[in-house]
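*Asks:* Below, each chain spelled out in residue letters.
Protein chains: 2
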Amino acid sequence: MIFKKINSVKNAYKSPLLIKGLYDYCTTLNPDNEIIYKDVFRYNYREFKKRVQRFANMLSNLGIEGGETIAVMDYDSHRYLESYFAIPMTGNVLHMINWRLSAEQIHYTINHAEDLVIIAHSDFLPILEKFAGNMPSLKYLIICKDDDTKVSSEILDIYGEYEELMAESSDEYEFEDFDEDAVATTFYTTGTTGDPKGVYFTHRQLVLHTYNTAASFGFSGSVACRINSNDVYLPLTPMFHVHAWGFPYVATTFSLKQIYPGKFNLNGFIDIFTKEKPTFSHCVPTILQMILESNETKNIDFNGWKVIIGGASLTKKLAKSALEKNIDIMSGYGMSETCPIITLTHIDPKYKNSDIDQQSEMRIRTGTPVLFTTVKIINEQGKPVQNNDIEQGEIIIRAPWLTQGYYKDEKRAMELWHEGYLHTGDVATINSNNSINITDRIKDIIKSGGEWISSVQLENIITSHESVAETAVIGIPDEKWSEKPCACIVLKPGMTLSHDELKNYLKQYTETGILSKWAIPQNIKFVSEIPKTSVGKLDKKLIRNQFVESL
Amino acid sequence: MIFKKINSVKNAYKSPLLIKGLYDYCTTLNPDNEIIYKDVFRYNYREFKKRVQRFANMLSNLGIEGGETIAVMDYDSHRYLESYFAIPMTGNVLHMINWRLSAEQIHYTINHAEDLVIIAHSDFLPILEKFAGNMPSLKYLIICKDDDTKVSSEILDIYGEYEELMAESSDEYEFEDFDEDAVATTFYTTGTTGDPKGVYFTHRQLVLHTYNTAASFGFSGSVACRINSNDVYLPLTPMFHVHAWGFPYVATTFSLKQIYPGKFNLNGFIDIFTKEKPTFSHCVPTILQMILESNETKNIDFNGWKVIIGGASLTKKLAKSALEKNIDIMSGYGMSETCPIITLTHIDPKYKNSDIDQQSEMRIRTGTPVLFTTVKIINEQGKPVQNNDIEQGEIIIRAPWLTQGYYKDEKRAMELWHEGYLHTGDVATINSNNSINITDRIKDIIKSGGEWISSVQLENIITSHESVAETAVIGIPDEKWSEKPCACIVLKPGMTLSHDELKNYLKQYTETGILSKWAIPQNIKFVSEIPKTSVGKLDKKLIRNQFVESL
Chain A
1 MIFKKINSVK
11 NAYKSPLLIK
21 GLYDYCTTLN
31 PDNEIIYKDV
41 FRYNYREFKK
51 RVQRFANMLS
61 NLGIEGGETI
71 AVMDYDSHRY
81 LESYFAIPMT
91 GNVLHMINWR
101 LSAEQIHYTI
111 NHAEDLVIIA
121 HSDFLPILEK
131 FAGNMPSLKY
141 LIICKDDDTK
151 VSSEILDIYG
161 EYEELMAESS
171 DEYEFEDFDE
181 DAVATTFYTT
191 GTTGDPKGVY
201 FTHRQLVLHT
211 YNTAASFGFS
221 GSVACRINSN
231 DVYLPLTPMF
241 HVHAWGFPYV
251 ATTFSLKQIY
261 PGKFNLNGFI
271 DIFTKEKPTF
281 SHCVPTILQM
291 ILESNETKNI
301 DFNGWKVIIG
311 GASLTKKLAK
321 SALEKNIDIM
331 SGYGMSETCP
341 IITLTHIDPK
351 YKNSDIDQQS
361 EMRIRTGTPV
371 LFTTVKIINE
381 QGKPVQNNDI
391 EQGEIIIRAP
401 WLTQGYYKDE
411 KRAMELWHEG
421 YLHTGDVATI
431 NSNNSINITD
441 RIKDIIKSGG
451 EWISSVQLEN
461 IITSHESVAE
471 TAVIGIPDEK
481 WSEKPCACIV
491 LKPGMTLSHD
501 ELKNYLKQYT
511 ETGILSKWAI
521 PQNIKFVSEI
531 PKTSVGKLDK
541 KLIRNQFVES
551 L
Chain B
1 MIFKKINSVK
11 NAYKSPLLIK
21 GLYDYCTTLN
31 PDNEIIYKDV
41 FRYNYREFKK
51 RVQRFANMLS
61 NLGIEGGETI
71 AVMDYDSHRY
81 LESYFAIPMT
91 GNVLHMINWR
101 LSAEQIHYTI
111 NHAEDLVIIA
121 HSDFLPILEK
131 FAGNMPSLKY
141 LIICKDDDTK
151 VSSEILDIYG
161 EYEELMAESS
171 DEYEFEDFDE
181 DAVATTFYTT
191 GTTGDPKGVY
201 FTHRQLVLHT
211 YNTAASFGFS
221 GSVACRINSN
231 DVYLPLTPMF
241 HVHAWGFPYV
251 ATTFSLKQIY
261 PGKFNLNGFI
271 DIFTKEKPTF
281 SHCVPTILQM
291 ILESNETKNI
301 DFNGWKVIIG
311 GASLTKKLAK
321 SALEKNIDIM
331 SGYGMSETCP
341 IITLTHIDPK
351 YKNSDIDQQS
361 EMRIRTGTPV
371 LFTTVKIINE
381 QGKPVQNNDI
391 EQGEIIIRAP
401 WLTQGYYKDE
411 KRAMELWHEG
421 YLHTGDVATI
431 NSNNSINITD
441 RIKDIIKSGG
451 EWISSVQLEN
461 IITSHESVAE
471 TAVIGIPDEK
481 WSEKPCACIV
491 LKPGMTLSHD
501 ELKNYLKQYT
511 ETGILSKWAI
521 PQNIKFVSEI
531 PKTSVGKLDK
541 KLIRNQFVES
551 L
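So the protein lines, in turn, are chains A and B. If you use UniProt numbering, the first sequence corresponds to residues 1 to 551, in order. If you use UniProt numbering, the second sequence corresponds to residues 1 to 551, in order.
Derived by calculation from the structure, the hints in this document are not laboratory data. Predicted model, so just to flag it, every value in this text is computed and none were measured. Be careful, since some hints might not be right.
[Stated by the list, open to error] Result set (DSBU-like, lysine-lysine): computed pairs, CA atoms no more than 30 Å apart in a straight line:
| id | chain 1 | residue 1 | chain 2 | residue 2 |
| --- | --- | --- | --- | --- |
| 1 | A | K352 | B | K275 |
| 2 | A | K352 | B | K5 |
| 3 | A | K541 | A | K517 |
| 4 | B | K275 | A | K376 |
| 5 | A | K49 | B | K306 |
| 6 | A | K383 | B | K5 |
| 7 | B | K352 | A | K14 |
| 8 | A | K139 | B | K350 |
| 9 | A | K10 | B | K275 |
| 10 | B | K5 | A | K20 |
| 11 | B | K352 | A | K49 |
| 12 | A | K14 | B | K350 |
| 13 | B | K525 | A | K5 |
| 14 | A | K376 | B | K49 |
| 15 | B | K408 | B | K49 |
| 16 | A | K517 | A | K492 |
| 17 | B | K350 | A | K10 |
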């Protein structure tokens, strides 16, 4: 491929894509808007900048000159937001510790990332104390807290307290420009097996992700939730979770009013929601469900609150109950490996005023790819599936903001990236409007007689039978069909169900084409309990092994 | 500066920022939206892609493999839009010929840019014929036209007609990825002296400019005109003029309905406006003035039409008459060297419902810098001016989308870029809301007694005197004050004015602080005519020379 390049004149400046550019802009549009932490802290963007500069000097005072990994282990707070900027902007890497992991896994990630500094909320000190003497890279443990309680440890050296160290540091710091491909952030993702895997993102990637999110929510007229700089932002996702989906960077750049709620609890949420009137949030489905199902939120007016759901699929039931409360709800899709935003649900303008049932159908879809992402859904032959919302395939992607590997783990990185595409491991269909819909994980899909059967869809249908409490559908090896679908079923107390009765029940779905006739489970086991993973998901690997052994 | 980089795993893909990424997306959101050319052509985005692929094959069929410069000399058309994509996406450079230049200058730019192909509207053939035998780089002249008239030339070889060549080319083409720093576009800018200067922009720069425009108009809640993908776009700026301010790329990426009006004329505009109902446009002030002052537009309902004014400053009078017709009007600022968008006018939310007078004050300001631009206003000592909207300084900038030189002209490029900042040559003030306001060109500002006096402001005030028809204010060298303000004045027929009367008149402005007392012109010449440049601007260089000679 031939193209033309022209050298820059000597004094010209190329302006690298650095987080500093986002930071610089945050006092441009609404510098008087506030960043709020519970009822503990509130300050405007001018003060935010001073705090970020203090943070940078706090690191300088430790003798840190860049290139180090600095971990944060905190709830959603103004401190965390400060670290999103100060750590990368001083040339360091922000390690966002997932405090929901097991202690063993947290320990692994601290050592694997080679954290030089850990800034941890005092709540997490007991966890860190377990690793005392076994964190070879750690030199400085800084504790942060929300009140005046004295924090101390008998077995860990605490270097200082965050607010005290901040107060000792100057609030004047000149951030320098450097290579936009410098790593800015890292965090760890866990699968069902093996050690956590470290993903990492550069300044350039985070800037492009920020631009893309602003353009997607601001300029795409059909995106389900339209957001702009007059909105008020309340995250309900932990900030260690894939950059809180990138929204803290967007919200800060365009100086939105932001509210950081600390450790999530329902009463705290109600207080904040009523007092500060957030207009948009994002969370996993269980958090929204908890909010909507609570008796204490019955009288709250949620009208116009925009909520983006990710992390797990949004069910139609939850979407409907949100829409009934006039919550503007939608789905987004991404992974730890993808920064994360890859798709967002859009509403065809002609359905803008359709009923709640139709609206919820559209809003629970995985969504339409955002600009600059190449999303392909490929079948077993590596060919794109038809845009008929029926044929299933694996989602493979390209985008300017995907992790370019797993840190110090080439083997698994080579499994993630294949022929220039990131393989998501998610199975989906696509419709004629370029809207995709995830049906299953590729390791759980049942490949039978040349067709792909979604275990998730089959589970949903079996569970809709009045006698069934819970089910797990798996594929087990079959000589003739490659795999055959099998089901473990927990019946409701006092209920009965025969294999033939179930087959009969499923017939209505095969006859209407919702299920393929190959999807009727060949073997069924009625059990009292279904194995789950530590985070409550069906442990299909174990279920499959137990099922095969029992045959 | 120390930072950390991690190598990508072998199969990972970085996704360069190429115009191809914008193109790929254009069938995602609203693929059925139409691109319309007068009443001659209309097609949807799927067909647009086919046409761009035909265009690419048309170039391949000429044996062009990339790295060449291909010029377009056309009115605003679907063809021009196709060239915005097909030419850069095949690794070539799109030279946008400014057909408003003198024939001599057009000739200069064709040879300086080394155009291998020129695609020209048949209207421009007579101009090109003047250069016959004197365009050494030119191999292929392709003519485009809007009707069936036969076009021929006795002195120029015409290789073919655009639509015929398109029809002969396949509509299947696989665009490749390549270096995002490849040059995508070039065009020429003229000053008052010297040859036209070639600016050039890379794929990366145009992609970032597109993202930035979408985010600015979509996500900034305070920008005066909010635009999104449901808008209908009608450009009223020639497409050779700084990428039509970047809007064709934005509109195409997000698949807006677009209307290209061909050669501007009022009746054509009225037809299109009435029939296709555009919701946003951009133009220079004179075009809007022509539209609003015409008797023929008296009955048109302009309610809600969004118009971005650039190229020359928007006067309060024009802003008011637009607002009176419920046109959502605003200013944007940029230059040929800046891709172009640098600032946009914003409205403080608390003034959202203020009266037309206040609204127009805000909307005529040069505006607030967009994201990732560093805009500094520096005084003669190189220090930033105060944010008091009084102190004046030169605007110097950084942004990721600035020309990195002038093509084959290092000397003038070194004058443009100085210590890593692009020096705009524009003088401005800035207020406490980060909104800047241009007062003059630096070569016209009068530096007297350590103060900067805006020649433009002084001209506006002198012209407000009932006896004055026109004036030009210049600074001429002065031993004591460095420069002293002087004025050439053309009086209205039958009117008289003495120097003392003028001084007295200006006193009210110095007493209220609007003018500095140093601004009272020391010398005045009453003349019958004031020298102008070819584009009708005051020729201050000549005026200054004549003034000095006459002293």
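*Asks:* Work down the list of hints and note, for each, if the structure agrees.
*Replies:* Going down the list of hints, with the structure as the test:
Taking the CA atoms of K352 (chain A) and K275 (chain B), the gap is about 25 Å. The hint holds against a cut of 30 Å. Pair hint K352 (chain A) plus K5 (chain B) does not hold up; C-alpha atoms about 46 Å apart against a cutoff of 30 Å. For a cut-off of 30 Å, the pair hint linking K541 (chain A) to K517 (chain A) stands: about 25 Å separates their Cα positions. Of the supplied pair hints, the one linking K275 (chain B) and K376 (chain A) is violated, its CA atoms being roughly 39 Å apart against a limit of 30 Å.
Distance hint between K49 (chain A) and K306 (chain B) is unfulfilled; the C-alpha atoms sit about 35 Å from each other, more than 30 Å. Of the pairs offered as hints, the one joining K383 (chain A) and K5 (chain B) is violated, with about 35 Å between alpha carbons and a cut-off of 30 Å exceeded. Between the alpha carbons of K352 (chain B) and K14 (chain A) the distance comes to roughly 37 Å, so the proposed pair goes past 30 Å and is violated. Simply put, K139 (chain A) and K350 (chain B) have alpha-carbon atoms about 50 Å apart, too far for the 30 Å limit, and the pair is violated.
Note on K10 (chain A) and K275 (chain B): the hinted pairing is violated, with a Cα-Cα distance of about 51 Å set against a maximum of 30 Å. Among the hinted pairs, K5 (chain B) with K20 (chain A) is consistent with the structure: their alpha-carbon atoms are about 17 Å apart, no more than 30 Å. Between K352 (chain B) and K49 (chain A) the CA atoms are separated by roughly 28 Å; this keeps the pair inside 30 Å, and the hint holds. For a cut-off of 30 Å, the pair hint linking K14 (chain A) to K350 (chain B) is broken: about 37 Å separates their Cα positions.
Restraint check for K525 (chain B) and K5 (chain A): not satisfied, since their Cα atoms lie roughly 52 Å apart, outside the 30 Å limit. Proximity of K376 (chain A) to K49 (chain B) is assessed by CA-CA distance (about 19 Å); at most 30 Å being required, the pair is judged to hold. Restraint check: the Cα-Cα separation between K408 (chain B) and K49 (chain B) comes to about 34 Å, which exceeds 30 Å; the hinted pair is violated. A C-alpha spacing of about 26 Å is found between K517 (chain A) and K492 (chain A), which places the hinted pair at or below 30 Å, so the restraint holds.
For the hint linking K350 (chain B) to K10 (chain A), the alpha-carbon distance of about 45 Å lies beyond 30 Å, and the restraint is violated.
The structure fails to meet hints 2, 4, 5, 6, 7, 8, 9, 12, 13, 15 and 17 from the earlier list, while all remaining hints are met.
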